[in-house]
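Taking the hints into account, I'd like the entire structure generated from these sequences.
Listed below are the residues making up each chain.
Protein chains: 2
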Amino acid sequence: MPGLLLRDCRPWRTDGLTDLLVRDGVVARIGSGIDAGDAEVVELGGRLVLPGLVEAHCHLDKTLYGGPWRPHSAGPALADRITDERLRRAELGLPDPARVSALLETMAAAGTTHVRTHTDVYAGTGLTGVEVVRDAAARLAGRITVEQVAFPQSGILTNPGTAALLEEAIKLGVHAVGGIDPAGMDRDPVRHLDVVFGLAERHGVRIDLHLHDPGSLGVFELELIIERTRAAGLAGRVTVSHAYALGQADAATQDRLAAGLADAGITITTAAVFDFPVPPVKKLRAAGVNVACGHDDIRDLWSPYGSGDLLDRAMHLAYRSTFRRDEDIELALEAVSYGGARALGLDGYGLTEGARADLVVVDAETPAHAVVTRPPRDLVVKAGHVVARTGALSRPPGR
Amino acid sequence: MPGLLLRDCRPWRTDGLTDLLVRDGVVARIGSGIDAGDAEVVELGGRLVLPGLVEAHCHLDKTLYGGPWRPHSAGPALADRITDERLRRAELGLPDPARVSALLETMAAAGTTHVRTHTDVYAGTGLTGVEVVRDAAARLAGRITVEQVAFPQSGILTNPGTAALLEEAIKLGVHAVGGIDPAGMDRDPVRHLDVVFGLAERHGVRIDLHLHDPGSLGVFELELIIERTRAAGLAGRVTVSHAYALGQADAATQDRLAAGLADAGITITTAAVFDFPVPPVKKLRAAGVNVACGHDDIRDLWSPYGSGDLLDRAMHLAYRSTFRRDEDIELALEAVSYGGARALGLDGYGLTEGARADLVVVDAETPAHAVVTRPPRDLVVKAGHVVARTGALSRPPGR
Numbered sequence: 003m004p005g006l007l008l009r010d011c012r013p014w015r016t017d018g019l020t021d022l023l024v025r026d027g028v029v030a031r032i033g034s035g036i037d038a039g040d041a042e043v044v045e046l047g048g049r050l051v052l053p054g055l056v057e058a059h060c061h062l063d064k065t066l067y068g069g070p071w072r073p074h075s076a077g078p079a080l081a082d083r084i085t086d087e088r089l090r091r092a093e094l095g096l097p098d099p100a101r102v103s104a105l106l107e108t109m110a111a112a113g114t115t116h117v118r119t120h121t122d123v124y125a126g127t128g129l130t131g132v133e134v135v136r137d138a139a140a141r142l143a144g145r146i147t148v149e150q151v152a153f154p155q156s157g158i159l160t161n162p163g164t165a166a167l168l169e170e171a172i173k174l175g176v177h178a179v180g181g182i183d184p185a186g187m188d189r190d191p192v193r194h195l196d197v198v199f200g201l202a203e204r205h206g207v208r209i210d211l212h213l214h215d216p217g218s219l220g221v222f223e224l225e226l227i228i229e230r231t232r233a234a235g236l237a238g239r240v241t242v243s244h245a246y247a248l249g250q251a252d253a254a255t256q257d258r259l260a261a262g263l264a265d266a267g268i269t270i271t272t273a274a275v276f277d278f279p280v281p282p283v284k285k286l287r288a289a290g291v292n293v294a295c296g297h298d299d300i301r302d303l304w305s306p307y308g309s310g311d312l313l314d315r316a317m318h319l320a321y322r323s324t325f326r327r328d329e330d331i332e333l334a335l336e337a338v339s340y341g342g343a344r345a346l347g348l349d350g351y352g353l354t355e356g357a358r359a360d361l362v363v364v365d366a367e368t369p370a371h372a373v374v375t376r377p378p379r380d381l382v383v384k385a386g387h388v389v390a391r392t393g394a395l396s397r398p399p400g401r
Numbered sequence: 003m004p005g006l007l008l009r010d011c012r013p014w015r016t017d018g019l020t021d022l023l024v025r026d027g028v029v030a031r032i033g034s035g036i037d038a039g040d041a042e043v044v045e046l047g048g049r050l051v052l053p054g055l056v057e058a059h060c061h062l063d064k065t066l067y068g069g070p071w072r073p074h075s076a077g078p079a080l081a082d083r084i085t086d087e088r089l090r091r092a093e094l095g096l097p098d099p100a101r102v103s104a105l106l107e108t109m110a111a112a113g114t115t116h117v118r119t120h121t122d123v124y125a126g127t128g129l130t131g132v133e134v135v136r137d138a139a140a141r142l143a144g145r146i147t148v149e150q151v152a153f154p155q156s157g158i159l160t161n162p163g164t165a166a167l168l169e170e171a172i173k174l175g176v177h178a179v180g181g182i183d184p185a186g187m188d189r190d191p192v193r194h195l196d197v198v199f200g201l202a203e204r205h206g207v208r209i210d211l212h213l214h215d216p217g218s219l220g221v222f223e224l225e226l227i228i229e230r231t232r233a234a235g236l237a238g239r240v241t242v243s244h245a246y247a248l249g250q251a252d253a254a255t256q257d258r259l260a261a262g263l264a265d266a267g268i269t270i271t272t273a274a275v276f277d278f279p280v281p282p283v284k285k286l287r288a289a290g291v292n293v294a295c296g297h298d299d300i301r302d303l304w305s306p307y308g309s310g311d312l313l314d315r316a317m318h319l320a321y322r323s324t325f326r327r328d329e330d331i332e333l334a335l336e337a338v339s340y341g342g343a344r345a346l347g348l349d350g351y352g353l354t355e356g357a358r359a360d361l362v363v364v365d366a367e368t369p370a371h372a373v374v375t376r377p378p379r380d381l382v383v384k385a386g387h388v389v390a391r392t393g394a395l396s397r398p399p400g401r
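Line by line, the protein sequences are chains U and S.
For what it's worth, the working numbering labels the leading residue of the first sequence as 3, then goes sequentially.
For what it's worth, the working numbering labels the leading residue of the second sequence as 3, then goes sequentially.
Take these hints with a grain of salt, some might be off.
[What the hints assert, rightly or not] Non-contacting residues of chain S with respect to chain U, defined by C-beta distances greater than 10 Å in every case (computed):
hint: 1; residue: Gly18
hint: 2; residue: Ala38
hint: 3; residue: Pro70
hint: 4; residue: Ala76
hint: 5; residue: Ile84
hint: 6; residue: Thr85
hint: 7; residue: Asn161
hint: 8; residue: Gly217
hint: 9; residue: Leu219
hint: 10; residue: Leu226
hint: 11; residue: Thr255
hint: 12; residue: Arg327
hint: 13; residue: Asp328
hint: 14; residue: Ala366
hint: 15; residue: Ala394
[Claimed, not checked] Okay, the calculated beta carbon distance ranges per label pair:
hint: 16; chain 1: U; residue 1: Pro78; chain 2: S; residue 2: Glu225; range: 27 to 33 Å
hint: 17; chain 1: U; residue 1: Asp257; chain 2: S; residue 2: Ala81; range: 21 to 27 Å
hint: 18; chain 1: S; residue 1: Ala81; chain 2: U; residue 2: Arg391; range: 45 to 51 Å
hint: 19; chain 1: U; residue 1: Thr324; chain 2: S; residue 2: Pro377; range: 26 to 32 Å
hint: 20; chain 1: U; residue 1: Asp365; chain 2: S; residue 2: Gly126; range: 35 to 41 Å
hint: 21; chain 1: S; residue 1: Ala394; chain 2: U; residue 2: Arg391; range: 20 to 26 Å
hint: 22; chain 1: U; residue 1: Thr324; chain 2: S; residue 2: Ala234; range: 44 to 50 Å
hint: 23; chain 1: S; residue 1: Ala81; chain 2: U; residue 2: Gly39; range: 54 to 60 Å
[What the hints assert, rightly or not] Chain U is faced by these chain S residues, among others (derived, beta-carbon under 8 Å):
hint: 24; residue: Thr108
hint: 25; residue: His205
hint: 26; residue: Arg322
hint: 27; residue: His371
Source of the hints: derived by calculation from the structure; they are not laboratory data.
This one's a predicted model, so the numbers in the text were calculated from it and none came from an experiment.
Beta carbons are placed, not taken as given, at the ideal position from N, Cα and C, and that holds for glycine.
Pasting the structure below:
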């Protein structure tokens, strides 16, 4: 295919104006005055180029995105939401392939090139969600890549049969096994982690655990996960999502956990939703802990909010982190890009020569400016193909 | 002037589809099948009509809105931001009439019909800010109404000469006198309140105090303000902005303060910014306390964030309040409309026959849906005049 020459652009973390040549799906060259040859030339007039955004935590299988407004129907407690969802899933036809596709299209048009989604796996739903998400992802292939986590929303030990279903999901090709509140929900943190880490080790998949448990209970579970990750030699392959306890802990405990997480090679993924505690992003990054970010629920029975736009999510993360300075706000942007890429284990990610050509162009003076104003996406490219121009999806490649 | 007939619309808090006739600056009639007469007919196809939005707390005089991106330059402490602002105001030409006008235009196009802004009044700036804001407001007259609070950003007792300047500002026509952390900043809560309440009583202006002081100190100051408001008989004329201590307090203290605030007729205005504590909106409303909302800083030396769109601000308030249900999310919408109108003492506000015709039309299924998705403003009307259509300002009335 012919290449694409981005003329007069400013790639994030490259100084000054430059050209960027995309050819054969990769960033072939970055430099001034590149000869376009047969490549399509796009004049960018100094626009900012970001790497393709990486959604590190969402729940595509639950979404009602693009459908009629559904007022939130659950009571205030967590148990209310779990019960409400079980009751209303069938009534609303969830998981709904049309809704999943609609959300993925919005994400792709907004510059997201990779998604990690937690798909419910439990006795009530079996593997329907995994199949629906897989099929929707196939329809969007080439425009957005979707990786699934088999997610035991209702627990593993407390929901008999779930461990076997998680294993079946892995055989269907999910890239990670999930977990949820090993103590607070599943009532036996060590055995819960036995199952999750056991599956990961046997099948070579990654791990991404939901940890909402607060305070010292959550801190204890983080310690268990750190010890277990070290012992299993799974550095770079384990993520803890939410980790509210990390945001609640005192400074000394945060320091100790940050050192442990960095040493074990564990990613912390936050969504910065509602008023829930946000992990100390700046401290974690300074300690060398990878931090990723995602939406969590988007317009579903758990939350009526969410846009699918990762610059919007980065704004929420920066805002809740009270980041005012450009270099701090960029930490939030890093979480929805490089941080997510590290969590998902993406090879060849970034804006350097030889990297896969996944990129987003926006009209912003600095990366922080892009987070604050969330400008339209002028151009989205994935693996060298134009996915969207001025916010509208292009035809899929090869069709 | 000819009237305006909104055909097939859904005014908030009115059941079902109806017509709404605007004539002579007021809502002349609400009902089905109204005869348009010579009025312009606007077919709304079931769109939602909200009352004109009321920005209850911002700082127009500080804004850099619409200018080039200015990376935040202050250090992390409050004192750093105060020093940074003093140093950079002159360099950046603040207050800047063009920036104030640009922000007011954005606000008006987004459906804000009334603004309360806190204008710095202290030895360093004198009354320049009051005059700049007054002049910008005059240029936008008929499209957006601006009320100023004379705001002692650097304290009153600790910044000699400020009390006299506040009095001069009142003589220039500001509608309220401000205060700031009577204990934490001004070091003498009783004498600070003596000055503020003294000015308000002598000149018949309203009061709007910034209260960031945390914990039991902030609670004590709220008690002082409640006692003082009751003693002075100023029910309905006093606002406490931010009131972080109210968000931090235990439930019993919140209950006690809510009862006191309701009895004294004090408004709580929140901006729900960054990670700062948000007052318990639902509890306050249940106790009968008026709650208003505003942006606080918008793209200035204090904060690089802020859009000027009050639906966006309502989203932040609902989100930080963990409001999921429609009726809860509507409390945030109420804060940027009816709550603000009560704080400012606006007469004839609302969507009832005889009310002043200040209204905004959006394409949303429910009021909560409007807060979550923040759709474009299809039509903005102020005092019967069309201010904006599809987000673009109309020509000013009479020109």
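Quick rundown of the hints versus the structure:
Distance check for Gly18(S) against chain U: the nearest CB is about 17 Å away, which clears 10 Å, and the non-interface claim stands. Here Ala38(S) stays apart from chain U, with its beta-carbon at least about 30 Å from theirs, past the 10 Å limit. For Pro70(S), the requirement that its beta carbon stay farther than 10 Å from each beta carbon of chain U is not met, with the minimum near 7 Å. Not every Cβ of chain U is farther than 10 Å from the Cβ of Ala76(S); the closest lies at roughly 7 Å, contradicting the non-interface assignment.
With a minimum CB-CB distance of about 14 Å to chain U, Ile84(S) clears the 10 Å threshold, and the non-interface call stands. The beta carbon of Thr85(S) sits about 15 Å from the closest Cβ of chain U, which is more than 10 Å, so the claim that it is off the interface holds. No beta-carbon of chain U is positioned within 10 Å of the beta-carbon of Asn161(S); the least distance is around 25 Å. Distance check on Gly217(S): its Cβ is at least 17 Å (rounded) from any Cβ of chain U, clearing the 10 Å threshold; non-interface status holds.
Under the 10 Å C-beta cut-off, the non-interface status given to Leu219(S) relative to chain U holds; the minimum distance is some 21 Å. Every Cβ of chain U is farther than 10 Å from the Cβ of Leu226(S); the closest lies at roughly 28 Å, confirming the non-interface assignment. Listed as a non-interface residue, Thr255(S) keeps its Cβ farther than 10 Å from every Cβ of chain U; the least gap is roughly 19 Å. Not every beta carbon of chain U lies more than 10 Å from that of Arg327(S), the smallest distance being close to 5 Å; the non-interface claim is violated.
The beta carbon of Asp328(S) sits about 4 Å from the closest Cβ of chain U, which is not more than 10 Å, so the claim that it is off the interface is violated. Remark: the non-interface label on Ala366(S) conflicts with the geometry, its nearest Cβ contact in chain U lying 8 Å away (cut-off 10 Å). At roughly 17 Å from the closest C-beta of chain U, the C-beta of Ala394(S) stays outside 10 Å, upholding its exclusion from the interface. The hint said 27 to 33 Å for the Cβ distance between Pro78(U) and Glu225(S), and at roughly 30 Å that hint holds.
In this structure the hint that Asp257(U) and Ala81(S) lie 21 to 27 Å apart at CB holds, the actual value being about 26 Å. For the pair Ala81(S) and Arg391(U), the beta carbons lie near 47 Å from each other, so the given range of 45 to 51 Å is met. The supplied range of 26 to 32 Å is met by Thr324(U) and Pro377(S), whose beta-carbon atoms lie about 29 Å from each other. Here the CB-CB span from Asp365(U) to Gly126(S) is close to 36 Å, well matched to the stated 35 to 41 Å.
The supplied range of 20 to 26 Å is met by Ala394(S) and Arg391(U), whose beta-carbon atoms lie about 24 Å from each other. For the pair Thr324(U) and Ala234(S), the beta carbons lie near 36 Å from each other, so the given range of 44 to 50 Å is not met. Here the CB-CB span from Ala81(S) to Gly39(U) is close to 57 Å, well matched to the stated 54 to 60 Å. The closest approach between the C-beta of Thr108(S) and any C-beta of chain U is roughly 12 Å, which is over the 8 Å cut-off, so the hint fails.
Nearest Cβ of chain U to the Cβ of His205(S): about 36 Å, over the 8 Å cut. The hint is violated. Interface restraint check: Arg322(S) against chain U, minimum CB-CB distance 5 Å, threshold 8 Å, status holds. Residue-level restraint check for His371(S) holds (minimum Cβ-Cβ distance to chain U is 4 Å; threshold 8 Å).
When held up to the earlier numbered hints, the structure conflicts with 3, 4, 12, 13, 14, 22, 24, 25 and fits the remainder.
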